[in-house]
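> Could you build the full structure based on these sequences and the hints that come with them?
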Amino acid sequence: MPPMSLPSEHAAQLHECFISLGSNIDPDHYFVQALEIISRECVLLARSKAIRTAPVGYQHQPDFLNAALLVNTPLEREAFRNYLKGVEDRLGRVRGAIKSGPRTMDLDIVAWDGEIVDDGYFQHDYVRKPIDEVLISSGRTLEPSKHL
14 MPPMSLPSEH
24 AAQLHECFIS
34 LGSNIDPDHY
44 FVQALEIISR
54 ECVLLARSKA
64 IRTAPVGYQH
74 QPDFLNAALL
84 VNTPLEREAF
94 RNYLKGVEDR
104 LGRVRGAIKS
114 GPRTMDLDIV
124 AWDGEIVDDG
134 YFQHDYVRKP
144 IDEVLISSGR
154 TLEPSKHL
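Everything in the sequence shown is counted per the working numbering, starting at 14 for the first residue and increasing by one.
Errors might be hidden in some of the hints.
Now the in silico label distances, taken between C-beta atoms and shown as ranges [what the hints assert, rightly or not]:
no. : residue 1 : residue 2 : range
1   : A110      : L88       : 28 to 34 Å
2   : I149      : G114      : 16 to 22 Å
3   : S52       : A110      : 29 to 35 Å
4   : S158      : G99       : 22 to 28 Å
Here are the simulated lysine to any residue pairs, SDA-like style, with alpha carbons at most 20 Å apart [to be verified]:
no. : residue 1 : residue 2
5   : K159      : D121
6   : K112      : Q72
7   : K62       : H42
8   : K142      : L78
9   : K62       : S158
10  : K142      : D76
11  : K98       : V56
12  : K142      : H73
13  : K112      : W125
14  : K112      : P68
15  : K98       : E29
16  : K142      : V84
17  : K159      : R141
18  : K112      : H73
Keep in mind the hints are simulated off the structure, nothing from the lab.
Here a beta-carbon is modelled for each residue, glycine too, at the ideal position from N, C-alpha and C.
In structure tokens, the structure reads:
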């Protein structure tokens with residue numbers, strides 16, 4: 014029996030999301046794990062190469078590995094943000110007293126449906142460079158959010 018599907022007018026709208034990834038605790042391991050989870054549970058459209066960057070804020074920690082992903086999801090933005098925090102938790106993320114401290118994985122929504130929603134894109138090369146790489150490779154463009 015073929016799989017059942019709803020007519021297209023009832024299908025969930027897919028949202029396009031740019032995600033920033035960062036890790037400085039065993040980053041090679043956790044990058045692979047994060048990519049496996051997100052590829053399995055979302056529609057992965059594009060990804061950047063990982064870049065190594067110096068920490069920002071709290072300096073007494075290892076360098077970070079940063080990258081970006083472009084995915085499709087049927088979840089609304091707040092639900093997807095909660096999903097990403099759950100992925101961080103599954104990967105052993107411990108949220109300590111130092112907000113910019115070491116972490117196994119940090120996953121942030123940078124752009125949602127073509128709008129930049131995280132001003133980190135404008136403030137930090139470790140966010141902007143991987144996102145720009147994905148923009149170029151995917152042929153997409155982004156607009157600043159009216160709410161930033």
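> Evaluate each hint against the coordinates.
Hint by hint, here is what the structure shows:
Against the hinted window of 28 to 34 Å, the Cβ-Cβ separation of A110 and L88 comes to about 30 Å, which satisfies the hint. Checking the proposed 16 to 22 Å range against I149 and G114 shows it is violated: the Cβ atoms sit about 32 Å from each other. Taking the beta carbon of each, S52 and A110 are about 33 Å apart, inside 29 to 35 Å as hinted. Checked against the given bound of 22 to 28 Å, the beta carbons of S158 and G99, roughly 24 Å apart, stay inside it.
Restraint check: the Cα-Cα separation between K159 and D121 comes to about 19 Å, which is no more than 20 Å; the hinted pair holds. With a CA separation close to 12 Å, the supplied pair K112 and Q72 stays within the 20 Å bound. Between K62 and H42, the direct Cα distance comes to roughly 15 Å. Compliance with the 20 Å bound is thereby established for this hinted pair. Using a Cα cut-off of 20 Å, the hinted pair K142 and L78 holds, with the two alpha carbons roughly 12 Å apart.
Between K62 and S158 the CA atoms are separated by roughly 26 Å; this puts the pair beyond 20 Å, and the hint is violated. Between the alpha carbons of K142 and D76 the distance comes to roughly 16 Å, so the proposed pair stays at or under 20 Å and holds. This hinted pair checks out: K98 and V56 have alpha carbons roughly 18 Å apart, not beyond 20 Å. Only pairs whose Cα atoms come within 20 Å are accepted, and K142 paired with H73 is rejected, the gap being roughly 24 Å.
Taking the CA atoms of K112 and W125, the gap is near 24 Å; set against the 20 Å cutoff, the hint is violated. Pair hint K112 plus P68 holds up; C-alpha atoms about 12 Å apart against a cutoff of 20 Å. Distance check on the hinted pair: K98 and E29 sit about 18 Å apart at the alpha-carbon level, within 20 Å; holds. About 17 Å separates the Cα atoms of K142 and V84, which keeps this hinted pair within 20 Å; it holds.
Straight-line distance between C-alpha atoms of K159 and R141 comes to about 19 Å, which keeps the hinted pair within the 20 Å bound. For the hint linking K112 to H73, the alpha-carbon distance of about 13 Å falls within 20 Å, and the restraint holds.
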